[in-house]
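Asks: As a plain string of letters, each chain reads:
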Amino acid sequence: MNARTIFRFDASRLGDLLDGIAERGYRLLGPVAREGAVVYDELGGADDLPRGWRDHQDPGRYRLERSDRNLFFEFNMGPHGWKKYLLPAEEPLWRALWRGEEMLFEETNVDDGKRAFIGVRACELAALAMLDRVFGEGDFRDDRYLARRANLFIVAVNCTRAGRTCFCTSMDTGPEARSGFDLVLTEVAHGGAHFFQVAAGTTRGDALLDALAFEEASPADRNLAKRLLDEAARSMGRHLNTGGLPERLAGSGEHPHWQRIAARCLACANCTMVCPTCFCNTVVDRPALDGRSAERIRCWDSCFSADFSYLHGGSIRQSTGSRYRQWMTHKLSSWVDQFGASGCVGCGRCIAWCPVGIDITEEAERIGEELS
Amino acid sequence: MSNGHVLTPVATEVLSVRHELRDTATLSLLPPPGGAPFAPGQFSMLYVMGLGEIPISLSGDPAESGLWIHTIRGVGNVSQALVRAIPGDRIGVRGPFGSAWPLDRARGRDVLVVAGGIGLAPLRPLIYRLAAEPEAYGRITVLYGARTPEDILYFHQLQAWKESARFHVRVTVDSGADDWSGNLGPVTHLISPVDFDPASVVVFTCGPEIMMRFVIRLLLGLGVAGERIFLSMERNMKCAVGFCGHCQYGPHFVCKEGPVFGYDQVAHLLAEKER
Ligand SMILES: Cc1cc2nc3c(=O)[nH]c(=O)nc-3n(C[C@H](O)[C@H](O)[C@H](O)COP(=O)(O)OP(=O)(O)OC[C@H]3O[C@@H](n4cnc5c(N)ncnc54)[C@H](O)[C@@H]3O)c2cc1C
Ligand code: SF4
Ligand code: SF4
Ligand code: FES
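Line by line, the protein sequences are chains A and B. Read left to right, the first sequence gives residues 1 to 372 (full-length UniProt numbering). Read left to right, the second sequence gives residues 1 to 275 (full-length UniProt numbering).
For the record, the hints were derived by calculation from the structure and aren't laboratory data. Ideal Cβ placement from N, Cα and C applies to all residues, glycine included. There's no promise every hint is true.
Unchecked claim - Computed spacing ranges between beta-carbons, pair by pair:
#	chain 1	residue 1	chain 2	residue 2	range
1	A	Gly-291	B	Lys-273	38 to 48 Å
2	A	Ala-147	B	Glu-150	49 to 59 Å
3	B	Gly-34	A	Ile-297	23 to 33 Å
Using the sequences and the accompanying hints, generate a full structural model.
Replies: Take a look at the structure:
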C-alpha cells in the first residue's frame, strides 16, 4: 500500500480529471454503452461514460439496464478487455519484399501514441500484469507490446458492486485495486452526496492531482469508501476454491468429466476471446497480388480451434473435451508453472459470454471433487 | 539474433542444396548476422516469401558455425517450397531456438541414439559431436528406422559412422523390396542391451511420437532410468519465442523448454491422449 494522500472531489468534476489527462497528450479510452453492452472505445470525456447503466450477468447471460442511482461505474465486466489495445486482434507485424534479387523485411511501426485507460478494474489490472509477464519478461520480449505498454496512463476504478459472475476475491485480484495504476478512483454515493475518492499510484498521477488541487478526503469519507469495498468483496456472485487446484487439474488428464463438458461445449472460442489474459495468437501471410511482397499479420487465436494444434497429419486435439481440458488446465494450473500465478483473474467474462452457460468455477470444482 | 523484433526474420541466401531423398533436401544457409552459435537439438524458423514460416531443426555440425544446415522433408506448403529451393534463393531465418541435447550427461557413459524418419535430422548435430571425440564416451550405438530403403536419410554418412570402431550403427525399414537384405521391422527391434549398460546408458531419441513411446517403454523395461532418456517433441509453432501459445505441452512451451526434454519432465503427458 502506498502512503499517498487520498483526495476527494465532487462527481461533477470527473470531467475535469479526464480533461486533465487528455491535456497531457493521452487519448482517452474507456467504457461506453453500445448495442446492449458496455464495451471499451474512445472517450471524448466523462459524458461518454455509461452513466446510469448497470449490468446483470449470469451463466450465458448479459443484460444492461437503467439504474436510478445514476452512477458512472455501477456496471462490472463487459465483453471487452484491455488486451485489445496491447495485443490487437489483428496486427501487421512486418512486410517481406523483393528488392531486385534481395529479400527485405520491413517492420510495421507501432504508432498508437499515448493512451489512457479509464476505469480499469482490479481484476483487469491483474490481467495486465499477467500480459506483462507473457510479453515483457523472460528471454524474449515483444517490443511491440512493450512500446504500447510504456505509453499508458492507467486510471483504475475500485468495484463497489460485484456481479453474479464475479469471483475476484477467490483469485486474490480484487475488488480493490492495489497496484499497477497511475490513479485509483472509488465512486461514493451516500445520502445526497456523490463524490469520488482518488489517490495516485505513480509520480505522474501525483502531478495530475497536484494540478487539480482537490481537497483531502476526511476520515469519514474514507470509511464510507472502505465500507463499499467490503460490501463488494462480500457480494461475489461466485467462488472458486483454489487450494490445491493446480495440482488436481494437472493430474486430471483422463477425468471423465471432460467428456461431459464436451457434450455441452460448442468449441465456439467465445471464452478465450473475452478472457482478458488469453493471449494465444497465430499468424497469417498475405501475399500482394504481384507476388513482390507479403505481409505478416498476427491475429488472436484460440485453443478451441482444430488448427491450433495442427501438425502434419492432423490436429493433436481432435476432441472438444481435449480442447476444453487444454483451456481450463492452462488457465488454472499450467499457467502457475509458466508465469507464477493463475491465468484466471476471476472476472467472470467467460461465464457470461458462453452461449451455453458453462461456468469455469463449477466445472473446476467438479473435476476436483470427483478425483478425491 | 538481429536487433529487430524477435518475430522478424533476417534474409539469408541458400548456398547449396543437397537432394537427400525424393521428398527431402538439405539446405546450407548463411547464418543470421551476429550469428549466435547453435547447440545440437536447437531449431530455426525458416520463412518462404508469402507462404509462411516453419520450425526446422539445425542438422549440421555445430563446430562448423559458419553454415546453418537444415534437412527438410516436404509435407506441405512451406516445407515443399524449401525442398524445391535452389542455390541463390533468398529465404528468411530466425534462431537458434529451444533446448539442446544434454551431451554432457553422456560423457564417460554408453550412448544410445534412436531415430525414426526425419527425426534423424535433429540428432545429426549430436552424432557429429559424438564422432568428433568418441573416446570421451563409452560404447556409442545409433539405431535408425525408415519406412523403406529409399527413405533412409544420410545413407552414406551412416555407412561412414559404421566404419568407426567406436560406433555401432544399425538401420531397419518398415518394408523393403526383395533386394533389401537388411533389417525389417520397427526400430524397437534393434534395441538390445548387448550394446549398452542399462544402469548407466544415456539415450537420445527423436521420431514420430508413437515410435518414441514404444522405444521409451522398452528401455524402461530394460531398467534404463527415465532421467537418462531424452527426447525431442514436435508441436505446432507460430512464434518460437513463447508468445503464441501453440506449442504448449502441459505446463511446457516446446519452443522454450523444449524441443528436447528429459523423459521425466513429460512422462505423465506422453501417457495421455490429445495432449
Ligand atoms: C522443433 C521442431 C523441429 C522440426 N524440425 C524439422 C526438421 O528438421 N525437418 C523437417 O522436415 N521437419 C521438421 N519439423 C516439422 C516441420 O516444422 C513441419 O513439417 C512443417 O511445419 C510443416 O509445414 P508445411 O507448411 O510444409 O506443412 P502443412 O502441413 O501445409 O502445414 C500447414 C501449416 O500448419 C502449420 N504446421 C504444420 N506442422 C507444424 C509444426 N510441426 N510446427 C509448426 N507449425 C506446423 C504451419 O504453420 C504450416 O504452414 C520440426 C518441427 C518442430 C516443432
Ligand atoms: S478464465 Fe474466465 S473468469 Fe478467469 S480471467 Fe478468463 S474470462 Fe475471466
Ligand atoms: S466453454 Fe462456452 S464459450 Fe468456451 S468454447 Fe465452449 S461453448 Fe464456447
Ligand atoms: S511456438 Fe509460440 S509459444 Fe512456442
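Asks: Output the numbers, in ascending order, of every earlier hint that fails for this structure.
Replies: none
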